[in-house]
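Going down the list, the protein sequences come from chains X and P. First residue of the first sequence: 84, per the numbering used here; consecutive thereafter. First residue of the second sequence: 129, per the numbering used here; consecutive thereafter.
Note that these hints are calculated values from the structure, not bench results. Nothing here was measured: the structure is a model prediction, and the numbers come from that model. Some clues are possibly wrong.
Distance condition first, Cα-Cα at most 25 Å in a straight line; then the derived SDA-like pairs of lysine to any residue [to be verified]:
#1 K217/P x L208/X
#2 K232/P x Q206/X
#3 K325/P x F313/P
#4 K217/P x W139/X
#5 K191/X x D200/P
#6 K220/P x Q206/X
#7 K220/X x T228/P
#8 K220/X x F313/P
#9 K218/P x E121/X
#10 K220/X x P287/P
#11 K224/P x L170/X
#12 K222/P x R169/X
#13 K220/P x R142/X
#14 K224/P x E215/X
#15 K220/X x K325/P
#16 K218/P x K220/X
#17 K133/X x K325/P
#18 K232/P x D219/X
#19 K220/P x G144/X
#20 K143/X x L199/P
#21 K220/P x T212/X
#22 K218/P x R165/X
#23 K143/X x K325/P
#24 K224/P x T212/X
#25 K143/X x D200/P
#26 K220/P x E200/X
#27 K220/P x R165/X
#28 K222/P x D135/X
#29 K158/X x D200/P
#30 K217/P x T212/X
#31 K232/P x E200/X
#32 K218/P x L208/X
#33 K232/P x D171/X
A few chain X residues facing chain P, derived, Cβ under 8 Å [said to hold, decoys possible]:
#34 V128
#35 I177
#36 L216
Don't be surprised by glycine CBs; every beta carbon is placed ideally from N, CA and C.
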Amino acid sequence: MISAAVLRGIGTLTRTRAAFTAPLAVRCYSHAKVETDEEFDSRWVTYFSKPDLDAWELRKGMNTLIGYDLVPEPKILDSALRACRRLDDLASAIRILEAIKDKSGPHKEIYPYVIQELGPTLQELGISTPEELGIDKV
Amino acid sequence: MCHIPRGRARRQLLVDKLGPSYLKMLASRALVQGLQTGFWRRVSTSSAAWAAHTHDIDVVDCSVPQYNNRLDTPLPDVPFVRNLSAEQKKLKEKEKGSWTQLTKEEKLALYRLTHELSFAEMRQGSKEWMTVLGGIFFFLGFTGLLVWWQRVYVYGDVPPTLSEESIAQQTQRMIDMRVNPVHGFSHKWDYEKKQWK
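Next comes chain X alone, as it looks inside the complex (with noise of 0.2 Å):
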C-alpha cells in the first residue's frame, strides 16, 4: 500500500524524472519540500511590496533577484517598480528594465512579453523604457 506521503514524493520526483518505478527509502534523494514558483513569485512580490521598503533592501533584492537562474515574472518587476516609485528612484526603475533585457539573454522574445505586460504599470509611473530614452543602443 502505498502512503500519501511517499505519492507525494514520487509525484515531485516524477517531475524531474520519468518512469520512476523503485520504492522511495532506496533513493537518497532529499526530503525538502522544493518551492513552487507561484510560491516563489509571491514571495518576491510581497519583499518588494513592504511599504517602507528603504533603499538598500530595494538594491539587495534586485541584486539578488538578477543573481539566480530566471528571469522574474513581470508582477515581480511590477512590485520592484511601484518601490523605486516610493523611494523616487527613477533611475533604478529604468536600470531593473535594462537588467531583465540582459538577464533574458539570446532568448529575445522575454524582453517585448515582459515590457507588454508591464505596460499599464509603465504609463502610469512616467517610467521611460531604455529604448525611448535611446540608451539600449551605445
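Dock chain P against chain X, hints included.
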C-alpha cells in the same frame, strides 16, 4: 617608525653584523649611495601617506561602498555622482513628484547621475585586440630582424662538408656502400643506368 641608521652609523652596523668581508661586498659606494638617496624610503612608505604627500594620486577608499559597473549587480551600492550641483539637486527634487512631468532629457540626466555606464555600454567591446595583435606581430618581426642580423654577423662559416662538391662526393659514397638498399636511399638509384630512378 624604527630608526634606520644612515651613513657612517649604517656602515658600522653592517660591519658589526656581517663582518668585514661582507662589508666590502655589500657596502660598495654605489650601493650605499643608492640606498641612501631614498629608493627604499619611496618603496616602503604606505600609499596613503605617500598620496597625502604628493597630492596627485587618486586614492580610492576601499573601506566604504564604492560605485561599480556590473552586469550582474544592476543597482550599485552608491550613485555615480555623489556631489550634486544646484541644478542636479533641483532635478532630484523634481524626481520626487510625478515622473510623467519629466522630459526625456531629464530622465536621461537622472539615469546618468546614478549610473556611469548603461548595459549596452558595459557590454560593448573595444578594438584593443587589434592593437595587441599588431604589437605581437611587430615584435615578432623585430625579433626576426635581430635573428637575421645574428645569422649574418654573428654565426661563423658553415662547415666545408656542406659545399656542393662535398655533398656530391658524400652522395656518391652512400650509393657505393648501398645505404638502405631495400626501401630507402640506394633503392632509388638505378645501378645499371647510373641515375636516379
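A quick look at each hint next to the structure:
1. K217/P x L208/X: Within the cut-off at roughly 21 Å; holds.
2. K232/P x Q206/X: 14 Å, holds
3. K325/P x F313/P: 11 Å, holds
4. K217/P x W139/X: It holds: about 21 Å lies between the C-alpha atoms, which stays within 25 Å.
5. K191/X x D200/P: 18 Å, holds
6. K220/P x Q206/X: Status holds; Cα separation ~21 Å.
7. K220/X x T228/P: 23 Å, holds
8. K220/X x F313/P: Violated: K220/X and F313/P sit about 68 Å apart, past 25 Å.
9. K218/P x E121/X: 42 Å, violated
10. K220/X x P287/P: Violated, at roughly 67 Å.
11. K224/P x L170/X: Within the cut-off at roughly 8 Å; holds.
12. K222/P x R169/X: 14 Å, holds
13. K220/P x R142/X: 19 Å, holds
14. K224/P x E215/X: 21 Å, holds
15. K220/X x K325/P: 70 Å, violated
16. K218/P x K220/X: Violated, at roughly 28 Å.
17. K133/X x K325/P: The given pair, whose Cα atoms are some 94 Å apart, is violated under the 25 Å limit.
18. K232/P x D219/X: 14 Å, holds
19. K220/P x G144/X: 23 Å, holds
20. K143/X x L199/P: Distance of about 15 Å is within 25 Å: holds.
21. K220/P x T212/X: At roughly 19 Å apart (the allowed maximum being 25 Å), T212/X and K220/P satisfy the hint.
22. K218/P x R165/X: 23 Å, holds
23. K143/X x K325/P: Violated, at about 83 Å.
24. K224/P x T212/X: 19 Å, holds
25. K143/X x D200/P: 12 Å, holds
26. K220/P x E200/X: Violated, at about 29 Å.
27. K220/P x R165/X: 18 Å, holds
28. K222/P x D135/X: OK: K222/P and D135/X at ~21 Å, within 25 Å.
29. K158/X x D200/P: 21 Å, holds
30. K217/P x T212/X: The hint holds at about 23 Å.
31. K232/P x E200/X: 22 Å, holds
32. K218/P x L208/X: 20 Å, holds
33. K232/P x D171/X: OK: K232/P and D171/X at ~17 Å, within 25 Å.
34. V128: V128/X check fails; min Cβ-Cβ to chain P is 18 Å, beyond 8 Å.
35. I177: 5 Å, holds
36. L216: Cβ of L216/X sits 5 Å from chain P, so the hint holds.
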